[in-house]
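K.L.:
Below, each chain spelled out in residue letters.
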Amino acid sequence: MQENDREPIIVFDNFGFQYFSQAEPTLAGIDLKIYPGEKALIVGPSGSGKSTLGHCLNGLIPFAYKGKQTGTLTIAGACSQEQTIFDRSKVVGTVLQDSDGQFVGLTVGEDIAFALENDCMATPEMHRRVEQAAAMVDMDSHLKNSPNELSGGQKQRTALAGVMIDDVQILLFDEPLANLDPATGKTAIEIIDNIHRDTDKTVIIIEHRLEDVLHRPVDRVIVVDDGRIVADMTPDELLCAGVLRAHGIREPLYVTALKYAGVSLTPDMRPSHVESIDLTDADTKLRRWLTTVQRDTAVNQNPPVLSVEDVSFSYDGKRDVLKDVSFEIRQGEMVSIVGRNGAGKTTITQLMCGFETEHSGIIRYQGEDIAPHSIRERAEYLGLVMQNPNQMISEAMIADEVGLGLKLRGIPSEERAERVNTALRVCDLSPYRSWPIAALSFGQKKRVTIASMLTLNPKVLILDEPTAGQDFRHYTEIMRFLARLNEDGLTVVLITHDMHLMLEYTPRAIVLSDGEVIADAPASEVLTDAGVIERANLKETSLYTLTQRAHIESGTDFVQSFIDHEKWLRSRSDDGDG
Amino acid sequence: MKINLFTQSREDTFLRRMSGVAKLVCFLLLTFTVMLSYDIRVIAFTIILSFVMFHISKVTWRQIRVIACILLLFLLLNALFTFLLAPEQGVKIYGSRHEIFHIAGRYTLTQEQLLYMSSKLLKYVAVAPLGLIFFLCTDPSELAASLNGIGMPYKGAYAVSLTLRYFPDLQRDYNNISMSQQARGLEMSKKAGFASRVKNALAIIVPLIFSTLERIEVISNAMDLRAFGKHKKRTWYSARKISRQDILAIAVTALIFAVSLYITFFINHSRFYDPFA
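Those protein sequence lines, which keep their order, are chains C and V. Okay, so the first sequence: first residue is 414 according to our numbering, each after it adds one. Okay, so the second sequence: first residue is -5 according to our numbering, each after it adds one.
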């Protein structure tokens, strides 16, 4: 829906940018026009330059991040280099991905008012404007709440109200889905869409989760990779063009399923929404494909390595965070524990590792009650990898960091070196053994933290949101690595709300809601059960929607077939690699 | 090892409803009153006033237990050292000497010393509840607004409010890091020697600093993007208009301050009240 008769509001003309700290330009030869009222999605893998593009738009470049610019960028008729970040903030409103970190005020009202305060608006007028802006995002009854009383979605709404209050022309969302659970992410996309339709604002979304953003229509998708624009087309065209995989973007699952079934997509089929895609010829192909899939019938029959029996816990003695939670993790399993924020996922891991003590119930390791074991003793069979690797790393050099647990346990240096080397080799970090940790990427740091746990030879590895904020390429890298460790016999427990991860890598999912286990079943069942989906703030997988549209009787069966097929493809490509 | 110094009060009292600037001015006036005067009568009056205020504020003992104990300990130590270092200070000030009993060596307890030391101690006893009430019954952001209102540059004032905003996050990070480092085998209890405890503390502080730096980058970007620092001044969402009640409160405390100055200059002719003359 390009309105070429109108003047574009954003013009990148042969634009390039190089950070002073980088040897190569991060952006080069960018030519891009965005028209008023358009809704554009910018996708690209990590390091593609899409965030840099966002920083150029909102003025953080050159205000906070310095570098060399080539070409020109014109926003609402003004040359970017002649504007201060303050001028820019009147034109472009930015919602950052960290909905907690960007919450500056002590209450919702104050946070929304922040820009007005900085503009010296009189207090009574400010209160009036804040109420209006809060009402637009349904936060008007929460004005006095502090950030720790809000959910992630509410914090994001607050951030949105905080930029809309300035009546900006352009709204820029920098990875709005990164920190939200699937259901909240879906709502966020709906809110953005409603605002786009109700106002005349130009909306730019930077995200790598294409399928989730396409939940509501966008006018254009711009694919960025390696500092350049590699595609700029409508979503329908894009899904048929086959550029996504090549540039590290995951295509929607239903599109993948259709391709497996041998359906060739064309833009006329309107493939950008699973609800509206034309499946006239596709449904027979899907059914035929379903009969050909080789099903994976292996069931883990090992004895449980960890069992949680009727565990209850409360932080304040009033509200139970966990209520009679029971489940078993079998030796050699790869399991996910899912549920909305505050459902008790993190608490259960803290109980297992001994950071907190259960009020009632028993946790067993190989049948033995572990209540008498200290945090340190438990770490020898139960390794916990935290979400943010920077919260775990305390040494400057990789080998020292990985060997820290052994050193603290007084293991002699020869044995230590040997165990460190083994762990580094398993984690593909051997070449970096004497590197400083600061030189590593996020994914590599994650592997360092995993390696430092592996040196203690744990039997179970628990990872809290191992793929949060990772693009498809890094996600695949981390998950394949974990799958390999799992094949070598390590039991892996993943705390997550990433539905793809559940579907692709963990045969079984334990679902917590309000401190209770509401489901303990194959991921394909969990993600097709409307009741569980709703209570756990998950989202129905688009594969299931596809089966309903194609009138396939058992959606769960179809989803399971898809999982098995992908697993088979993966094992084939792994064999090919090795 | 959970840090929890004190919690804000949410009781709706007239102290809560007063504007932050008025509270700050009243607090400062009363503080000056007791700090300038060593007159035990003035101090006693302020103590009564501050305990009445404490009662009105509905702040509970539980909320201030920790901080009050620390303060009390500090005061007793202070009194002890005052006596040890200057046992004749009271005699010097009041110019007379009424011995109570001899302790040892150069140490004799005199009525003058006793009066001097109790005046000094009671000054703090008078001010401390006022300070606690002020902090517990003022929103941190209103505090920032009032600091700015009485002339502190707003960037500095805002830093106060930001610190309080991110303090719980920092506390949570600290606890998480501490747990995960303990899982790796870090000994944080008294079992470890002093040197290794210092080294072990580093293993928590280094990751805390790095994750805090990440946080700071996000916050400062968020603030820049919403034009923090654009003008030389800024207004405050949580600032309250000065009400009649506020003016009344300021007037009453100003009067108390004036009376204490009058007593100092025209009745006592010094900061001390001398009952021995």
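Worth double-checking, as some hints may not be accurate.
[As the list claims (entries may be wrong)] Across the chosen pairs, the derived CB separations fall in these ranges: (1) I50(V) x D729(C): 23 to 33 Å; (2) R166(V) x G730(C): 18 to 28 Å; (3) G730(C) x P147(V): 22 to 32 Å; (4) Y101(V) x G823(C): 44 to 54 Å; (5) P162(V) x G675(C): 12 to 22 Å; (6) K479(C) x K149(V): 16 to 26 Å; (7) D841(C) x P147(V): 48 to 58 Å; (8) E208(V) x R683(C): 58 to 68 Å; (9) K736(C) x L196(V): 38 to 48 Å.
[Claimed, not checked] Simulated pairs of lysine to any residue, SDA-like, Cα-Cα distance not exceeding 20 Å: (10) K479(C) x L207(V); (11) K224(V) x A535(C); (12) K224(V) x F499(C); (13) K599(C) x K820(C); (14) K149(V) x H964(C); (15) K193(V) x G944(C); (16) K114(V) x L207(V); (17) K858(C) x D167(V); (18) K731(C) x G755(C); (19) K980(C) x Q707(C); (20) K235(V) x Y118(V); (21) K227(V) x F129(V); (22) K820(C) x V200(V); (23) K149(V) x A535(C); (24) K226(V) x W702(C); (25) K820(C) x K193(V).
No lab work stands behind these hints, which were simulated from the structure alone. Ideal placement from N, C-alpha and C gives every residue a C-beta, glycine not left out.
K.L.:
It remains to establish, for every hint, whether it holds in the given structure.
P.N.:
Status of each hint after checking the structure:
1. I50(V) x D729(C): 23 to 33 Å: holds, 28 Å
2. R166(V) x G730(C): 18 to 28 Å: For R166(V) and G730(C) the Cβ distance comes to about 19 Å; the hint holds.
3. G730(C) x P147(V): 22 to 32 Å: Violated, since G730(C) and P147(V) (Cβ atoms, about 44 Å apart) do not stay within the stated range.
4. Y101(V) x G823(C): 44 to 54 Å: For Y101(V) and G823(C) the Cβ distance comes to about 53 Å; the hint holds.
5. P162(V) x G675(C): 12 to 22 Å: violated, 55 Å
6. K479(C) x K149(V): 16 to 26 Å: holds, 22 Å
7. D841(C) x P147(V): 48 to 58 Å: Roughly 52 Å apart at Cβ, these two residues keep to the hinted range, so it holds.
8. E208(V) x R683(C): 58 to 68 Å: violated, 42 Å
9. K736(C) x L196(V): 38 to 48 Å: Once the Cβ atoms are compared, 40 Å apart, the range 38 to 48 Å for L196(V) and K736(C) holds.
10. K479(C) x L207(V): Distance ~18 Å between K479(C) and L207(V) Cα, so the pair holds.
11. K224(V) x A535(C): Distance of about 16 Å is within 20 Å: holds.
12. K224(V) x F499(C): holds, 6 Å
13. K599(C) x K820(C): violated, 46 Å
14. K149(V) x H964(C): violated, 62 Å
15. K193(V) x G944(C): violated, 51 Å
16. K114(V) x L207(V): violated, 43 Å
17. K858(C) x D167(V): Satisfied, since the Cα-Cα distance of roughly 18 Å is no more than 20 Å.
18. K731(C) x G755(C): Satisfied, since the Cα-Cα distance of roughly 15 Å is no more than 20 Å.
19. K980(C) x Q707(C): Holds, because 10 Å separates the two Cα atoms, which is no more than 20 Å.
20. K235(V) x Y118(V): violated, 31 Å
21. K227(V) x F129(V): Violated. K227(V) to F129(V) sits at ~24 Å, over the 20 Å cutoff.
22. K820(C) x V200(V): Since the Cα atoms of K820(C) and V200(V) sit roughly 18 Å apart, the hinted pair holds (cutoff 20 Å).
23. K149(V) x A535(C): holds, 19 Å
24. K226(V) x W702(C): violated, 68 Å
25. K820(C) x K193(V): holds, 13 Å
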